[in-house]
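Asks: Start from chain Z and add chain F according to the hints.
2 protein chains.
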Amino acid sequence: MLLRLSTLFVRTLREDPADAEVASHKLLVRAGYIRRAAPGIYTWLPLGLRVLGKVEAVVREEMAAAGAQEVHFPALLPKEPYEATGRWSEYGPNIFRLKDRKGGDYLLAPTHEELFTLLVKDLYSSYKDLPLTLFQIQTKYRDEARPRAGLIRGREFVMKDAYSFDVDDAGLDASYAAQRAAYQRVFDRLGLEYVIVTATSGAMGGSRSEEFLTPTAIGEDTFVRSAGGYAANVEAVTTVAPPALDWSDAPAAHVEDTPDTPTIESLVAHANAHQPRPDREWTAADTLKNVVLALVQPTGERELLVVGLPGDREVDLKRLEAGLAPAEVEAAGEADFAAHPELVKGYIGPGALGPNVPVAEGAERTAVRYLLDPRVVDGTRWITGANEPGRHVFDLVAGRDFTADGTVEAAEVRAGDPAPDGSGPLELARGIEIGHIFQLGRKYAQALGLTVLDQNGKAQVVTMGSYGIGVTRVLAALAEANHDDRGLAWPAHVAPAHVHVVATGKDATVFDAADEIARDLSGRGIEVLYDDRPKVSPGVKFADAELLGVPLVVVVGRGLAEGLVEVRPRAGGDAQQVPVADVVEHVAARVRELLAD
Amino acid sequence: MLLRLSTLFVRTLREDPADAEVASHKLLVRAGYIRRAAPGIYTWLPLGLRVLGKVEAVVREEMAAAGAQEVHFPALLPKEPYEATGRWSEYGPNIFRLKDRKGGDYLLAPTHEELFTLLVKDLYSSYKDLPLTLFQIQTKYRDEARPRAGLIRGREFVMKDAYSFDVDDAGLDASYAAQRAAYQRVFDRLGLEYVIVTATSGAMGGSRSEEFLTPTAIGEDTFVRSAGGYAANVEAVTTVAPPALDWSDAPAAHVEDTPDTPTIESLVAHANAHQPRPDREWTAADTLKNVVLALVQPTGERELLVVGLPGDREVDLKRLEAGLAPAEVEAAGEADFAAHPELVKGYIGPGALGPNVPVAEGAERTAVRYLLDPRVVDGTRWITGANEPGRHVFDLVAGRDFTADGTVEAAEVRAGDPAPDGSGPLELARGIEIGHIFQLGRKYAQALGLTVLDQNGKAQVVTMGSYGIGVTRVLAALAEANHDDRGLAWPAHVAPAHVHVVATGKDATVFDAADEIARDLSGRGIEVLYDDRPKVSPGVKFADAELLGVPLVVVVGRGLAEGLVEVRPRAGGDAQQVPVADVVEHVAARVRELLAD
Numbered sequence: 001m002l003l004r005l006s007t008l009f010v011r012t013l014r015e016d017p018a019d020a021e022v023a024s025h026k027l028l029v030r031a032g033y034i035r036r037a038a039p040g041i042y043t044w045l046p047l048g049l050r051v052l053g054k055v056e057a058v059v060r061e062e063m064a065a066a067g068a069q070e071v072h073f074p075a076l077l078p079k080e081p082y083e084a085t086g087r088w089s090e091y092g093p094n095i096f097r098l099k100d101r102k103g104g105d106y107l108l109a110p111t112h113e114e115l116f117t118l119l120v121k122d123l124y125s126s127y128k129d130l131p132l133t134l135f136q137i138q139t140k141y142r143d144e145a146r147p148r149a150g151l152i153r154g155r156e157f158v159m160k161d162a163y164s165f166d167v168d169d170a171g172l173d174a175s176y177a178a179q180r181a182a183y184q185r186v187f188d189r190l191g192l193e194y195v196i197v198t199a200t201s202g203a204m205g206g207s208r209s210e211e212f213l214t215p216t217a218i219g220e221d222t223f224v225r226s227a228g229g230y231a232a233n234v235e236a237v238t239t240v241a242p243p244a245l246d247w248s249d250a251p252a253a254h255v256e257d258t259p260d261t262p263t264i265e266s267l268v269a270h271a272n273a274h275q276p277r278p279d280r281e282w283t284a285a286d287t288l289k290n291v292v293l294a295l296v297q298p299t300g301e302r303e304l305l306v307v308g309l310p311g312d313r314e315v316d317l318k319r320l321e322a323g324l325a326p327a328e329v330e331a332a333g334e335a336d337f338a339a340h341p342e343l344v345k346g347y348i349g350p351g352a353l354g355p356n357v358p359v360a361e362g363a364e365r366t367a368v369r370y371l372l373d374p375r376v377v378d379g380t381r382w383i384t385g386a387n388e389p390g391r392h393v394f395d396l397v398a399g400r401d402f403t404a405d406g407t408v409e410a411a412e413v414r415a416g417d418p419a420p421d422g423s424g425p426l427e428l429a430r431g432i433e434i435g436h437i438f439q440l441g442r443k444y445a446q447a448l449g450l451t452v453l454d455q456n457g458k459a460q461v462v463t464m465g466s467y468g469i470g471v472t473r474v475l476a477a478l479a480e481a482n483h484d485d486r487g488l489a490w491p492a493h494v495a496p497a498h499v500h501v502v503a504t505g506k507d508a509t510v511f512d513a514a515d516e517i518a519r520d521l522s523g524r525g526i527e528v529l530y531d532d533r534p535k536v537s538p539g540v541k542f543a544d545a546e547l548l549g550v551p552l553v554v555v556v557g558r559g560l561a562e563g564l565v566e567v568r569p570r571a572g573g574d575a576q577q578v579p580v581a582d583v584v585e586h587v588a589a590r591v592r593e594l595l596a597d
Numbered sequence: 001m002l003l004r005l006s007t008l009f010v011r012t013l014r015e016d017p018a019d020a021e022v023a024s025h026k027l028l029v030r031a032g033y034i035r036r037a038a039p040g041i042y043t044w045l046p047l048g049l050r051v052l053g054k055v056e057a058v059v060r061e062e063m064a065a066a067g068a069q070e071v072h073f074p075a076l077l078p079k080e081p082y083e084a085t086g087r088w089s090e091y092g093p094n095i096f097r098l099k100d101r102k103g104g105d106y107l108l109a110p111t112h113e114e115l116f117t118l119l120v121k122d123l124y125s126s127y128k129d130l131p132l133t134l135f136q137i138q139t140k141y142r143d144e145a146r147p148r149a150g151l152i153r154g155r156e157f158v159m160k161d162a163y164s165f166d167v168d169d170a171g172l173d174a175s176y177a178a179q180r181a182a183y184q185r186v187f188d189r190l191g192l193e194y195v196i197v198t199a200t201s202g203a204m205g206g207s208r209s210e211e212f213l214t215p216t217a218i219g220e221d222t223f224v225r226s227a228g229g230y231a232a233n234v235e236a237v238t239t240v241a242p243p244a245l246d247w248s249d250a251p252a253a254h255v256e257d258t259p260d261t262p263t264i265e266s267l268v269a270h271a272n273a274h275q276p277r278p279d280r281e282w283t284a285a286d287t288l289k290n291v292v293l294a295l296v297q298p299t300g301e302r303e304l305l306v307v308g309l310p311g312d313r314e315v316d317l318k319r320l321e322a323g324l325a326p327a328e329v330e331a332a333g334e335a336d337f338a339a340h341p342e343l344v345k346g347y348i349g350p351g352a353l354g355p356n357v358p359v360a361e362g363a364e365r366t367a368v369r370y371l372l373d374p375r376v377v378d379g380t381r382w383i384t385g386a387n388e389p390g391r392h393v394f395d396l397v398a399g400r401d402f403t404a405d406g407t408v409e410a411a412e413v414r415a416g417d418p419a420p421d422g423s424g425p426l427e428l429a430r431g432i433e434i435g436h437i438f439q440l441g442r443k444y445a446q447a448l449g450l451t452v453l454d455q456n457g458k459a460q461v462v463t464m465g466s467y468g469i470g471v472t473r474v475l476a477a478l479a480e481a482n483h484d485d486r487g488l489a490w491p492a493h494v495a496p497a498h499v500h501v502v503a504t505g506k507d508a509t510v511f512d513a514a515d516e517i518a519r520d521l522s523g524r525g526i527e528v529l530y531d532d533r534p535k536v537s538p539g540v541k542f543a544d545a546e547l548l549g550v551p552l553v554v555v556v557g558r559g560l561a562e563g564l565v566e567v568r569p570r571a572g573g574d575a576q577q578v579p580v581a582d583v584v585e586h587v588a589a590r591v592r593e594l595l596a597d
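Protein chains in written order, with full-length UniProt numbering: chain Z, 1 to 597; chain F, 1 to 597.
In case anyone wonders, no lab produced these hints; they're calculated from the structure. All clues given are correct.
No distinction is drawn between identical chains; accordingly, a pair holds when it is met within one copy or between any pair of copies.
With a cut-off of at most 25 Å between alpha-carbon atoms, the simulated PhoX-like pairs for lysine-lysine come out as follows:
id	residue 1	residue 2
1	Lys535	Lys128
2	Lys79	Lys102
3	Lys79	Lys99
4	Lys128	Lys443
5	Lys443	Lys121
6	Lys535	Lys121
7	Lys26	Lys121
8	Lys102	Lys318
9	Lys26	Lys541
10	Lys318	Lys443
11	Lys535	Lys458
12	Lys128	Lys506
13	Lys121	Lys541
14	Lys121	Lys79
15	Lys541	Lys128
16	Lys458	Lys443
Bound conformation, chain Z alone (with noise of 0.2 Å):
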């Protein structure tokens, strides 16, 4: 393959664009690969879809070696499957609906559960024909309430969807199992950084779930490690609780005047002044914060919760979404304090809370469905709200003084906080999810009635995983992972074209010899991109080389009156001056080495 610069469709872009804020989306597009239609919504140009063709042929090829067999789904599907399930409404405002012309239903999907469903019970109906596992390379459509980053969280983007059907739970694993090792392999040969997290399955059900993500500071998605080898996204992290107090020794509780303690801050600093303890000070983590929140259902239905946590943390909104989904969690508003007199800004305590809390004698109650943090055990000793302006009551212990609904994963992770499994303390960093398997179960296969017949001829659900893989942001995170100031730094193996010739100058030798070199390195196989623009400066031609981002640069120019050509790695290392008659040898051997990492 060869490209010519002089034609090639292409034009590099010295600003950055003005919406890009992450690498990968200033440098993708200002060296032409890529190119914006709509709000996160993108053209490939000639040099972006070369690469992409190439992280998806990684894909397929790791899919075709798992067993899974390549099908491919419309993008725009008729609402009833997705009705079955609930996900029509669930999905809410993030897909795309429109009608036909007859009025019918239809959106563009999201991601395909249901048609494979369908498509598997229409054609399959023994357990003889399982396991199975389709995937496909598909256009998938999300009406993001904020695209950003480019690539990264696109509304049209192409994702790698894999779904794996089986009789029973121990296929599921296996099944799990197989495609697990190609996310890892898909991942490995692209050189692309990655941990594998466990995570929580949202909107789409099911139980044992892990996403890949590969580190970086833009990442979205913040997750959690320990030295001890545990790693999760925070939204899937487990509270340690601390085991329950004896609360024999506790003293009974009594309110006190805390006049104008509205935050954790003012309180704490008061009770240190008014009711200081004799052992040492109180701190935020003595309080009981209660934090009054919305639940949004995709109905649109709307209910008030209280989320009752210790005063040193923060509510963590995606972690509790998380535990409630599909529902949306949002901050309660006047409207809603005022529709509850009961609960009193700032001095919100368990004894105006849920049915099950016992209530002070003469206190209002209320039916607001009340939360605890896990660490909020029986026996331990807490300030909190007393329910009146100005009033907060201490020694309040949980168990012996009230009690919740439950409890619920609502506050932030930290670091330092202890891995759930005991491996040590934990870390945060912030990566970007390129994919995420999980076991489905039976959920997709119950709803919509996909049945094979056992050995005994009995009826068996189907047991489901779905694994994807975000094709574009992968190339995303590519650029990400592999970039300078400069521009774009391919690894081979995606890389648009192995080696970049340039010519420069005006004199036409260099330009027979360039062209010689090119020619020759494409008629070996090699893919080449050659800068034959002949009135383009050495500067430019150097600058769009470095931005482009091919491996191998050579140049040839001055040094060939000296017969030597220049042989520039182009994610650093040092230049070689090569003889010319050696040089396509030369480059040859080095890119068999690059492609054999």
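Replies: Same frame as chain Z, now just chain F:
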């Protein structure tokens, strides 16, 4: 490649799908290549996807060979570019429209002229950048009123669309010729018979326009051809008008009572009975029929139109619409006649019509537009309506007694009509449109401001060509052209595999031998489908092999005891008994032959 039927995701069906009318649709579904997801929307199963990939590969290679560069545009696009060219409204209900969560208008693109134009405008600015031809292979959407014939007229389908950009007309001609030649190579390589016909450009605008049709009785498009080499879409056929006649000897027009003659047939019968012609009988060709129609603009604006044509011809609405695009034409209704009492149904004559038409004294006249068939030349004499019930006018001479607002190609084309280029009488045939190439000219570049600076630094509007191949439709056309009663019979270049190995019976030695043959062939780079299903009868296996349509079938069965294996060409020809030791070599040679064709 070796696909085992025991695990391949495919199920053949014995019954035709209820909604299928044409062979390609029936067989592609029955053979497990595609599956309906919604009206006009299909899922691709593994075998179908393999064939589709091969068709795409041929198209992609020939596009590259013709110098076209591949890009990829989104399917989901904002309204604005389509509004700038007027197509947002012109498409009417034929496109899928939707709103995003912010209320922005989007469409699922039916073609991408606007986006290609804007992309080139974004990147290029000089005549030196041209010529340029870009293409994509991409999923497109049209909300067809009547999706039909499976893949032939779908609502989600794959198209290759290419666009050329030139600075002048000579450049456009060269780009057009390059694409035209590439199309010929594509269809030649696919072994698909085609006719290149002159076409109209419809809602696209533009000048030179040709369609590639593959002749088939189930085709939606009627085309004509002459023995002398003329070929055209019926919409593009221009009528050969006879020379004007001298009317000096014509008698004056005279109105006659013709009671109960609202049809041409009844009128001709009456005239022969009561106003006999001395030289011969009157025929329908002597009458001038005036048909009232309504013209509906994409904006919804509706206007009446009367078309005058010889009484022996029907109006062809598709031809008429081609001349009046983007308006659509419908029959006039009772309300239209009620609003225009001067249009006396069954007795309408030119005397009542149009601003240019002389009006008989005292007669009503109308402002309805009046267009004539080109055969109604000056000097021709007609029997036509007298604008009173039961009365007709005789010897009404065109040019002398009436004129109209213009001519229009509204009459049906009939076998035997003269070819417009004088190359003889036309014959009619039916075909499927598999490709369309046309010169858009400057319409899109003008509307969207795509100019480049010429040698003199002056801005020139770019001239464009547009070139489409319906990739999924081509696959269906291949199935139409390559099947028999028993199933599909693919040409080797697009078949999902080259060889279908069938193991029959229950004998383990048969399966072992078949397995070895399948693996050996696969090891030589031959694509093998291997029917290794253990408990399926030979009859079912043979029927499946004929349905699936792989070009060579190798049967390993009873003959093995005598050391023989049978090799059958699927498309016909004798089965051969080949010694098992030679079969791999023999089959490999035959596959090479088939692929060399």
